[in-house]
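Now for the letters of each chain:
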Amino acid sequence: MTFFGLHFQDIVFYTLATILLIAGLRVITTRNPVYAALYLVLAFFTAAGIWLLLEAEFLAIALVLVYVGAVMVLFLFVVMMLDINLDKLREGFWKALPIALPVGGLMAVEMVMIVGARNFGADVVPAPAAHPADYSNTAELGRVLYTDYLLPFELASVVLLVAIVAAIALTLRDRKDSKSMDPAKQVLVKKADRLRIVKMEAEVEKNDVVDTSAQADDKGAK
Amino acid sequence: MLENYFPILLFILVGLAVGVGPLILSKLVSPSRPDSAKNSPYECGFEAFEDARMKFDVRYYLVAILFILFDLEIAFLFPWAVVLQEIGLFGFLAMMVFLGVLVIGFIYEWMKGALEWD
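Going down the list, the protein sequences come from chains A and B. Read in this note's numbering, the first sequence has 23 at position 23, and its numbers run on one by one without any break. The number in this note's numbering is simply the position in the second sequence, starting from 1, with 222 added.
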C-alpha cells in the first residue's frame with residue numbers, strides 16, 4: 001500500500017517521529033514542570049510506537065507499562081514535592097548561556113557523529129526483514145536473556161537491590177510527631193512497667209488540731 | 223507481524239478523534255463572551271490564594287519508588303514465562319537467583335519498616 005511513493009509504515013514512522021521531536025522539544029522549553037512531565041509521557045508513547053514499527057513489541061509495551069505507568073508517576077511526585085520556584089531557576093539563564101551553549105553544542109556534535117547516518121544509516125543497518133504474523137518478539141527475547149545474557153540479567157537484580165536499599169536509606173525517617181502505637185509492644189507491656197508500688201510510712205495528720213482551732217477562732221470572731 | 227497491530231493503530235486514531243472532536247466542536251459552535259469575572263480563578267467563593275502544588279510527605283515517594291522496582295522485576299518475568307519450556311531448568315534457576323536477590327531487598331524493606339504507614 002503506497003501513498004505518494006511512501007509506504008504506509010513510512011507514513012506512520014514520520015508521523016510518530018514528528019510528534020516525538022515536538023514532544024521532546026516541549027519537555028525542555030515549557031515553563032510548567034508538570035506540563036513538561038506530561039510531554040515526556042507523550043514522548044514515551046510515540047517512542048513505544050516507533051519501537052513497535054521495529055517489531056520490538058515486548059520492549060514497546062514494557063516502555064508504556066514501566067515508564068509511563070510508573071516512572072512518570074515518580075517524576076510527577078518529584079515535581080510536586082520539590083516546590084520549585086520557577087523564577088529563581090530562570091534567573092541565571094543569560095549568565096550561563098555563554099558556557100552552556102558551547103558545551104551543549106559539543107555534546108550535540110558528538111552525538112551526531114556517533115549515531116549519525118555514517119554509523120546507523122539505512123545502508124549500514126538495513127531494516128529487519130518483516131516477520132510472519134505468528135512471530136513472537138517476547139519469546140525471542142526470553143530465549144537469549146536468561147541464557148546468553150545471564151550475567152547482565154543477574155546484575156540487573158543487584159542494581160535493583162541497591163536501588164531498594166538506597167531509596168530506603170535516603171527517605172525513611174522516624175517521625176517525631178507520630179502518635180502511632182506498635183501493637184506488639186502494647187501487648188508485651190507488664191504491670192511492672194506501668195505501675196510502681198511504693199512502701200512508705202503512714203502519715204500522721206498533725207495539722208488537723210491547728211485547723212479546727214483556727215475555725216473555732218473564726219466563729220468566735222463572728 | 224505488524225499487520226497484527228493495525229487494529230490497535232485504528233483504535234488509537236479513533237480514540238484520539240473521540241477525545242479531540244468534542245473539544246474542537248465546542249470551540250467552533252459554542253458562544254464565547256469572556257469577561258474579567260469569568261476568567262478570574264475561582265475557588266468555592268474564596269479568593270484563590272495559593273499555588274495548587276504543595277509539599278507532601280516523602281513517604282509517598284518511597285512507596286512509589288519501591289513500586290517501580292518491583293514493577294521492573296515483574297517486567298522481567300514475562301519473557302521468562304513465555305519461553306520457560308525451552309530454556310528448561312537452567313532458565314528456571316537463573317530466574318530463581320534473580321528473584322532471590324530481590325527477596326533480600328524485600329525482607330530488608332519489610333524489616334526496616336519501609337512498608338509501615340504511621
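Rather than coming from a laboratory, the hints here were simulated on the basis of the structure. Model, not experiment: these values are computed from the prediction. Among these hints, one or two may not hold up.
What the hints assert, rightly or not - Simulated coverage check for chain A against chain B, where a stretch passes if three residues somewhere in it have a Cβ under 8 Å from a Cβ of chain B:
#1 64-70
#2 105-117
#3 135-142
#4 151-158
#5 161-174
Claimed, not checked - Some chain B residues close to chain A (C-beta under 7 Å, calculated; not the full set):
#6 Pro229
#7 Leu232
#8 Ile287
#9 Leu299
#10 Val304
Claimed, not checked - Simulated DEER-style distance windows between Cβ atoms:
#11 Tyr282/B x Ala36/A: 12 to 22 Å
#12 Gly322/B x Ala36/A: 12 to 22 Å
#13 Asp148/A x Ile296/B: 41 to 51 Å
#14 Gly92/A x Gln307/B: 37 to 47 Å
#15 Gly310/B x Met72/A: 49 to 59 Å
Think of the CB as a built atom: it goes at the ideal place given N, C-alpha and C, for glycine as much as any other residue.
TODO: Given the hint of 41 to 51 Å, check if Asp148/A and Ile296/B actually sit that far apart at their C-beta atoms.
DONE: 22 Å, violated
TODO: Could you tell me whether the CB distance from Tyr282/B to Ala36/A stays inside 12 to 22 Å?
DONE: This hint holds: roughly 20 Å between Cβ atoms.
- [ ] Could you see if the CB distance from Gly92/A to Gln307/B stays within 37 to 47 Å?
- [x] 59 Å, violated
- [ ] Mind checking the CB of Pro229/B against every CB in chain A and telling me if the closest is under 7 Å?
- [x] Because about 13 Å separates Pro229/B from the closest Cβ in chain A, which is outside the 7 Å limit, the hint is violated.
Task: Range hint compliance [Cβ, Gly322/B to Ala36/A, 12 to 22 Å] - done: Once the Cβ atoms are compared, 39 Å apart, the range 12 to 22 Å for Ala36/A and Gly322/B is violated.
Open item on the list: Taking beta carbons only, do three or more residues of the stretch 105-117 of chain A come closer than 8 Å to chain B?
Closed with: violated (count 0)
Task: Given coverage of the stretch 161-174 of chain A by chain B, checked by CB-CB distance under 8 Å (3 or more) - done: holds (count 9)
- [ ] Go through the hint on Val304/B and say holds or violated, using the shortest Cβ distance to chain A against 7 Å.
- [x] Since the shortest Cβ distance to chain A is 5 Å, the answer is holds.
TODO: Would you settle whether the hint for Leu299/B is holds or violated, based on the nearest Cβ-Cβ distance to chain A being less than 7 Å?
DONE: 10 Å, violated
TODO: Mind taking a look at whether chain B covers the stretch 135-142 of chain A? Criterion is 3 or more residues with CB to CB distance under 8 Å.
DONE: holds (count 7)
TODO: Report holds or violated for the interface hint on Ile287/B, using the least CB-CB distance to chain A and a cut-off of 7 Å.
DONE: 5 Å, holds
Task: chain A contact restraint on Leu232/B - CB to CB distance below 7 Å - done: For Leu232/B, the interface hint is violated, since the closest Cβ of chain A sits about 12 Å away, which is over 7 Å.
Of the hints listed earlier, those the structure fails to meet are numbers 2, 6, 7, 9, 12, 13, 14, 15, in rising order.
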